[in-house]
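My numbering applies: residue 1 is where the sequence shown begins, and numbers increase by one.
Derived by calculation from the structure, the hints in this document are not laboratory data.
Check before you lean on any hint, since a few could be wrong.
[Claimed, not checked] If you anchor each label on the Cβ, the simulated ranges turn out as follows:
| no. | residue 1 | residue 2 | range |
| --- | --- | --- | --- |
| 1 | Ser-120 | Val-28 | 29 to 39 Å |
| 2 | His-119 | Gly-81 | 32 to 42 Å |
| 3 | Val-128 | Val-86 | 16 to 26 Å |
| 4 | Val-86 | His-119 | 31 to 41 Å |
| 5 | His-119 | Pro-85 | 23 to 33 Å |
| 6 | Trp-110 | Asn-64 | 45 to 55 Å |
| 7 | Trp-21 | Pro-85 | 28 to 38 Å |
| 8 | Leu-123 | Glu-31 | 13 to 23 Å |
| 9 | Leu-23 | Trp-110 | 34 to 44 Å |
| 10 | Trp-21 | Gly-81 | 48 to 58 Å |
| 11 | Ala-57 | Glu-31 | 57 to 67 Å |
| 12 | Arg-79 | Glu-129 | 39 to 49 Å |
Every residue, glycine too, gets a C-beta built ideally from N, C-alpha and C.
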Amino acid sequence: MNTPRRESPNHTPSHALQPLWDLAAAQVQAEALVLALESGALDRLATPQTPAELALAQGWNEANTSHWLELLWSMGLLRRGQHEPVSYLLATDALRYLHSASPESCGAAWLFRLRSLSHSATLLRGLVEHGPAGDGSACSAPLTTGNAEG
1 MNTPRRESPN
11 HTPSHALQPL
21 WDLAAAQVQA
31 EALVLALESG
41 ALDRLATPQT
51 PAELALAQGW
61 NEANTSHWLE
71 LLWSMGLLRR
81 GQHEPVSYLL
91 ATDALRYLHS
101 ASPESCGAAW
111 LFRLRSLSHS
121 ATLLRGLVEH
131 GPAGDGSACS
141 APLTTGNAEG
């Protein structure tokens, strides 16, 4: 594997396999965002929320809500307060692009894209190994018909 090394945010070279480790974590990160969007918890985070407050409002487990908020914070979606008890608030870009009341909200579009790509992923092995009908259907569509970036 001859890929250029990326730099981490603090400008130290990352390990050559870091993109693969990031890929392994991406599914958990995506599911964390799905939960945030579909549960309405993301909209609640437009105002500061402690893990206890959010867990109570959502009917969730407080300890696991705290871990989930830390994950969203590590993804750059939340800001974290400095005082105890720690509170979380949507980061500026998350408020702009993911809050359901924002005129620029693209949360629903992101969910659609995630589901479409997830479905395509379930077909990948069959299509590669067996050709166009390898997905179990009579369809003769190629592996992809669009641009994965657009």
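Do the hints match the structure? See the list:
At roughly 20 Å, the beta carbons of Ser-120 and Val-28 sit outside the given window of 29 to 39 Å. For His-119 and Gly-81, the Cβ-Cβ distance of about 39 Å falls inside the hinted range of 32 to 42 Å, so the restraint holds. Judged by the Cβ atoms, the range 16 to 26 Å given for Val-128 and Val-86 is violated: they are separated by roughly 46 Å. Distance hint check for Val-86 and His-119: the Cβ-Cβ separation is about 37 Å, which falls inside the suggested range of 31 to 41 Å.
For His-119 and Pro-85, the Cβ-Cβ distance of about 41 Å falls outside the hinted range of 23 to 33 Å, so the restraint is violated. Checked against the hint of 45 to 55 Å, the C-beta distance between Trp-110 and Asn-64 comes to roughly 23 Å, which is inconsistent with it. Distance hint check: the CB atoms of Trp-21 and Pro-85 are about 32 Å apart, consistent with the given range 28 to 38 Å. Range check, Leu-123 to Glu-31: about 20 Å between beta-carbon atoms, so the 13 to 23 Å window is met.
Hint check: Leu-23 to Trp-110, Cβ distance near 18 Å, so the stated range 34 to 44 Å is violated. The given range of 48 to 58 Å is broken by Trp-21 and Gly-81, whose C-beta atoms sit roughly 29 Å from each other. Evaluation of the 57 to 67 Å hint for Ala-57 and Glu-31 yields a failure: the beta carbon distance comes to about 21 Å. Distance hint check: the CB atoms of Arg-79 and Glu-129 are about 46 Å apart, consistent with the given range 39 to 49 Å.
Hints 1, 3, 5, 6, 9, 10 and 11 from the list above are not met by this structure, while the remaining hints are.
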